[in-house]
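Engineer: Letter by letter, the chains look like this.
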Amino acid sequence: MLKVEGVAKAYKKAGLFSREREQVLADIHFACDYGECLGIIGESGSGKSTLGRLVLGIEQPDRGSILFEGESVTKRRGRAGKISAVFQDYTSSINPFYTVEAAIMESLRLIGMGGQEASDKLDFLLDQVGLDRSYRQKHPHELSGGEVQRVCIARAVATNPTCIVLDEAISSLDGSVQMQVLQLLKQLGQTYRMSYLFITHDLQAAAYLCDRVMIVHRGRVVETVAVEQLKDVQSAYARKLLGMVML
Amino acid sequence: MAVLEVADLQIWDSGTNQCLVAGSSFQVKAGSCLAIVGESGSGKSLTCKAIMRLNDSGLRQSGEIRFKGENLLALSEKEMRQKRGKQICLIVQNGMRAFDPSCVVGVHLLETIATHFDWGRDEITTRLTAAMESVMLRNPREIMNKYPHQLSGGMLQRIMIALALVLAPDLIIADEPTTALDAVSAFEVVEQLMALRQNTGCAMIFVSHDLGVVKKIADEVLVMKEGAVVESGAAHQIFSKARHEYTRYLVSSKLALSQRFSQVMGGVDVAEG
Chain A
1 MLKVEGVAKA YKKAGLFSRE REQVLADIHF ACDYGECLGI IGESGSGKST
51 LGRLVLGIEQ PDRGSILFEG ESVTKRRGRA GKISAVFQDY TSSINPFYTV
101 EAAIMESLRL IGMGGQEASD KLDFLLDQVG LDRSYRQKHP HELSGGEVQR
151 VCIARAVATN PTCIVLDEAI SSLDGSVQMQ VLQLLKQLGQ TYRMSYLFIT
201 HDLQAAAYLC DRVMIVHRGR VVETVAVEQL KDVQSAYARK LLGMVML
Chain B
1001 MAVLEVADLQ IWDSGTNQCL VAGSSFQVKA GSCLAIVGES GSGKSLTCKA
1051 IMRLNDSGLR QSGEIRFKGE NLLALSEKEM RQKRGKQICL IVQNGMRAFD
1101 PSCVVGVHLL ETIATHFDWG RDEITTRLTA AMESVMLRNP REIMNKYPHQ
1151 LSGGMLQRIM IALALVLAPD LIIADEPTTA LDAVSAFEVV EQLMALRQNT
1201 GCAMIFVSHD LGVVKKIADE VLVMKEGAVV ESGAAHQIFS KARHEYTRYL
1251 VSSKLALSQR FSQVMGGVDV AEG
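Taken in order, these protein sequences are the chains called A and B. Going by our numbering, the first residue of the first sequence is number 1, and it counts up by one from there. Going by our numbering, the first residue of the second sequence is number 1001, and it counts up by one from there.
In isolation and in its complexed conformation, chain A is listed as follows (with noise of 0.2 Å):
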């Protein structure tokens, strides 16, 4: 489904007339399949976050290919409403001015559905992410973090999309809403049959959730591995980050 071939992606450094560009993510390869999870592991500033964007489209590589269904996803109408996402910063991922019946119909109507339909539609997805109708009026602003956490994702599943880049979207939340939110994309994930990319710097969280991890060291995929065969990881990087994980 999601084929990235050779993908290489180098920003400017700072600075007016610097003419120095870091390597951010170098020779990526990596292919996700229909339904499948996979994790995408790495510290900060290993170049995780620009690999979803640049899966989402939003930024394109220098180099290589990112093919969606055999389609290159820097065209828009080849992934519009199939790929959704949802991410870290859960009080800036939703217009202030918006209720939450206003942000989750602006996805609705990207697949051209309207009036009472897409209205029960909303209900039907404010339920399954468990919050109920009164909901619907309220600001993002008057709702806790899982609570908005949670209407992010009931507007990327809104659009029935193929695969969902969820970029750090656990991060932020307390330890059992962390849980809550982990066991809606569980299910979620078995109901719509869609596909996960789940960046995360948290190994536990990708355990528990995901088919596969992907881990990225510094812009390059150190090693890729089914969750069943984590234990025995080769690479030193690897075996690094499993010892520092805290139970």
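No lab work stands behind these hints, which were simulated from the structure alone. Treat the hints with care, since some could be wrong.
What the hints assert, rightly or not - Straight-line Cα separation of at most 25 Å, DSS-like style, residue types lysine-lysine; simulated pairs:
(1) 138/A - 231/A
(2) 121/A - 82/A
(3) 12/A - 1146/B
(4) 1068/B - 1086/B
(5) 1049/B - 1029/B
(6) 186/A - 3/A
(7) 1029/B - 1241/B
(8) 82/A - 231/A
(9) 240/A - 1215/B
(10) 1078/B - 1068/B
(11) 1215/B - 231/A
(12) 1146/B - 13/A
Unchecked claim - Covered by chain B, per the in silico footprint, the following chain A stretches (three or more residues, Cβ under 8 Å):
(13) 39-49
(14) 167-181
(15) 201-211
Note that the structure is a prediction, hence the values are computed from the model and not measured. Each residue gets a CB set at the ideal place from its N, CA and C atoms; glycine is no exception.
Fit chain B to the supplied structure of chain A, relying on the hints for placement.
Structural biologist: Here is chain B on its own, set in the frame of chain A:
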């Protein structure tokens, strides 16, 4: 002996009369580490700031906070300033906001130390360099000449720990020091905090919502919910046989998260407890 005794601490908003922390009492024993856990909005940070007397003027507090037998609430602002940093250190969540953005970190560090000790510039630099090296910061001189925005969150947090190492306070309050960090930096910061306790023998209040970290570092745990203390006790007791339902809920959701990971990892050693 208790370094810090908090008795019936109440914090309320003077504008709306809303009660934010309702009568919490606890003690921190000399050389031990008390962890305060709870979800956002449970009053953890307010409690920490109340001890430092750093809450906004709109917030009122009553009760008694005794630090080594002295009531902090009765001190004048000037006396309190001398306690902050020298005897009680606060490490906040966001390292970027803890440093002065308009000057290099070295200036900030020198200034802080010069306020509390009458050492010469050379002596301060030597001590700082040694402290920074001990928290695994390479090239201390180069780091001291950088602005906060040029350093990563994990590095800033470790610089704060190095500063605490030099000041050698009796009590360190660490308010969510690892929450803004990724797993690798969080692990390193926790290791350094543990080493700091070992080296200086100071007591610590460690605020976090991550029970994994708490299990690693704490001797005693205080569970807060909606401004009230729900349960307190020794760390192993909280993790194995919690009495309160809310504590059990927190522990069980932590377990549910780590269970799959532990199961996958099987017999391989992972950093535990």
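Engineer: Which constraints among the numbered hints does this structure fail? Numbers only, ascending.
Structural biologist: The structure breaks hints 1 and 8; every other hint is satisfied.
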